[in-house]
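Peer 1: Take a look at the letters that make up each chain.
Number of protein chains: 2
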Amino acid sequence: MEPRPTVVPPPIQLRIADDIRMQIERGELKPGASLPTLAEMADRWSCSVGSARAAVALLKAQGLISSGRGRAPVVRVPPRKVIRSSERHQVEKDLAARPQAERATVGEAETNHNMQISEQKFRSRYDQIEAGPNLAALFRIEPTDPVLRRRYDSTDSADLLLSSSVSYMPIALISSNPALLDEANEPWPGGTQHQLSTVGVEIMTMIDEVTARMPTTVEAQLWGLPDGVPLILCRRISLDANERVVEVSDAEYPADRTELRFVTPLKPWPKRGKPSGRQGGRS
Amino acid sequence: MEPRPTVVPPPIQLRIADDIRMQIERGELKPGASLPTLAEMADRWSCSVGSARAAVALLKAQGLISSGRGRAPVVRVPPRKVIRSSERHQVEKDLAARPQAERATVGEAETNHNMQISEQKFRSRYDQIEAGPNLAALFRIEPTDPVLRRRYDSTDSADLLLSSSVSYMPIALISSNPALLDEANEPWPGGTQHQLSTVGVEIMTMIDEVTARMPTTVEAQLWGLPDGVPLILCRRISLDANERVVEVSDAEYPADRTELRFVTPLKPWPKRGKPSGRQGGRS
DNA sequence: GAGTGGTCTAGACCACTGT
DNA sequence: CAGTGGTCTAGACCACTCC
Numbered sequence: 691m692e693p694r695p696t697v698v699p700p701p702i703q704l705r706i707a708d709d710i711r712m713q714i715e716r717g718e719l720k721p722g723a724s725l726p727t728l729a730e731m732a733d734r735w736s737c738s739v740g741s742a743r744a745a746v747a748l749l750k751a752q753g754l755i756s757s758g759r760g761r762a763p764v765v766r767v768p769p770r771k772v773i774r775s776s777e778r779h780q781v782e783k784d785l786a787a788r789p790q791a792e793r794a795t796v797g798e799a800e801t802n803h804n805m806q807i808s809e810q811k812f813r814s815r816y817d818q819i820e821a822g823p824n825l826a827a828l829f830r831i832e833p834t835d836p837v838l839r840r841r842y843d844s845t846d847s848a849d850l851l852l853s854s855s856v857s858y859m860p861i862a863l864i865s866s867n868p869a870l871l872d873e874a875n876e877p878w879p880g881g882t883q884h885q886l887s888t889v890g891v892e893i894m895t896m897i898d899e900v901t902a903r904m905p906t907t908v909e910a911q912l913w914g915l916p917d918g919v920p921l922i923l924c925r926r927i928s929l930d931a932n933e934r935v936v937e938v939s940d941a942e943y944p945a946d947r948t949e950l951r952f953v954t955p956l957k958p959w960p961k962r963g964k965p966s967g968r969q970g971g972r973s
Numbered sequence: 691m692e693p694r695p696t697v698v699p700p701p702i703q704l705r706i707a708d709d710i711r712m713q714i715e716r717g718e719l720k721p722g723a724s725l726p727t728l729a730e731m732a733d734r735w736s737c738s739v740g741s742a743r744a745a746v747a748l749l750k751a752q753g754l755i756s757s758g759r760g761r762a763p764v765v766r767v768p769p770r771k772v773i774r775s776s777e778r779h780q781v782e783k784d785l786a787a788r789p790q791a792e793r794a795t796v797g798e799a800e801t802n803h804n805m806q807i808s809e810q811k812f813r814s815r816y817d818q819i820e821a822g823p824n825l826a827a828l829f830r831i832e833p834t835d836p837v838l839r840r841r842y843d844s845t846d847s848a849d850l851l852l853s854s855s856v857s858y859m860p861i862a863l864i865s866s867n868p869a870l871l872d873e874a875n876e877p878w879p880g881g882t883q884h885q886l887s888t889v890g891v892e893i894m895t896m897i898d899e900v901t902a903r904m905p906t907t908v909e910a911q912l913w914g915l916p917d918g919v920p921l922i923l924c925r926r927i928s929l930d931a932n933e934r935v936v937e938v939s940d941a942e943y944p945a946d947r948t949e950l951r952f953v954t955p956l957k958p959w960p961k962r963g964k965p966s967g968r969q970g971g972r973s
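Chains Z and P supply the protein sequences, listed in that same order. Start counting the first sequence at 691; every next residue gets the next number (this note's numbering). Start counting the second sequence at 691; every next residue gets the next number (this note's numbering).
One or more of the hints may lead you astray.
The list cannot tell twin chains apart, which means a pair is met if one copy fits it or any two copies do.
Unchecked claim - No more than 16 Å apart at the CA atoms, straight line, and that leaves these computed lysine to aspartate or glutamate pairs for EDC-like:
| # | residue 1 | residue 2 |
| --- | --- | --- |
| 1 | Lys811 | Glu876 |
| 2 | Lys750 | Asp917 |
| 3 | Lys811 | Asp843 |
| 4 | Lys961 | Asp846 |
Worth flagging that the hints you see were computed from the coordinates, not collected in a lab.
Input sequences plus hints: build the corresponding full structure.
Peer 2: Printed below as a string of structure tokens:
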């Protein structure tokens, strides 16, 4: 006979955490407000301080509260989100076709995404590595073929990451213009799309693949991420007119400060083929 | 004078968790492999069992391992990701213009996203609510104006969520076809785009806004999510030819099983305006 | 049944925050 | 300096897995 699973009351930490979460959702605890102290919680739910602490840890892992030594835990106030729109793809492409003077001025603004120029430090590092099985499959080259890896990151005054990305291009594709292999030429006026144009490549399609995961301890430290905040991962694949993959770029964004926006234009319905019938449903 | 922060050795739990994480990244611990028992860890790092347990909890919160009563913690094996592509937007629009017979057959397949029809249960609930400030601003209507809310979710045989979404449309936009207000007409052959076509609306642009956050305890339970797996949030806004917002839909996806794909076609460069200059860099 | 991890407790020590 | 939360320990009890 199947052993019916023992009905077990939910752990105290869960009860506490859920009670507090509901208080937050109902607005009884507003963003910025302080939670009860551990001792008060232990008293209110008649449990040990350790269990109360476990409940606080749970809420932290869900990104709902912040806490630190000597400070009562606080309901986290959601930071304003920076919007990164796919319309930038077209803007950058248009820019790449403009004369050098114009590229230079706008090119600089591109790197400062919605932010004061203030105290940012940029870094770009180029090197050449073997494609490896993963990239080789995308580029349709041999795993031992060389690719140019370009790593970009910008940090603020406290050395916390503001943005970080890696880009890959097959060496065979770009070697006809040696300037593309030298990181001393960064920042390149007009960006990657203009770089590729110098070797006769025009990007016709961009594919963005988006997912998310929790950061490791070191990643959380580099980004200055509070507990319970995921990283958004975005791989951007650039195709030319022949559907050939010409660039792959991986970027990471802190989920609490980032919203990715993708705009998809749809083709109009044919003039005569307009949908008909006002009644739908089961027929 | 600024009090230089005391240099404090990193907590034992962090050292343990980081050591194990690096073993996983180096491949010394492969997906599916068992971690040492808590007692062994306590011995190896000469700490208490409690600290070893804290390290395991950290790795769980990062989504790297799974653990349960009586079982040694195990390196998590990443599940295959279901790809949800924005190209579906165009496919559904094309479908909406097809004759009823065709819509009916394909409409069913649409709901089964890449999965056997097997044991899924679908549910759709319609109701009418006040727009509220948030939706009112999007639709450019009054906060007290009514909107149709449609909630869809599908669950597997164990009642775990497979997909979940909510959609909003202003009542004023669709009330000329009462069939649209009745959930008994679900599933509607041809989907939302055909529904809107019956009231003279053609969607010309879709905007997807993507971010991520950690699930609450109850959400993790509903989805059957392991610890340390974020939820991907996607708000889809549909515009007609006049840039009027006609539908808003919010969907959630488990990040470990989901990859969102967005395809952006770029307009070709003008024939004569091709970018020039083989040399870039600082000018 | 032996061994495992999950929950919970109690208490010590330390780093940090406020006043 | 009093009070707070963060770290760490030791030990009890329970539910579960595996042999």
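Peer 1: Each hint needs a verdict: does it hold in this structure or not?
Peer 2: Checked hints:
1. Lys811 x Glu876: within (13 Å within a copy, 54 Å between copies)
2. Lys750 x Asp917: both (6 Å within a copy, 13 Å between copies)
3. Lys811 x Asp843: within (8 Å within a copy, 46 Å between copies)
4. Lys961 x Asp846: Classified as neither: same-chain Cα gap 54 Å, cross-chain 42 Å, threshold 16 Å.
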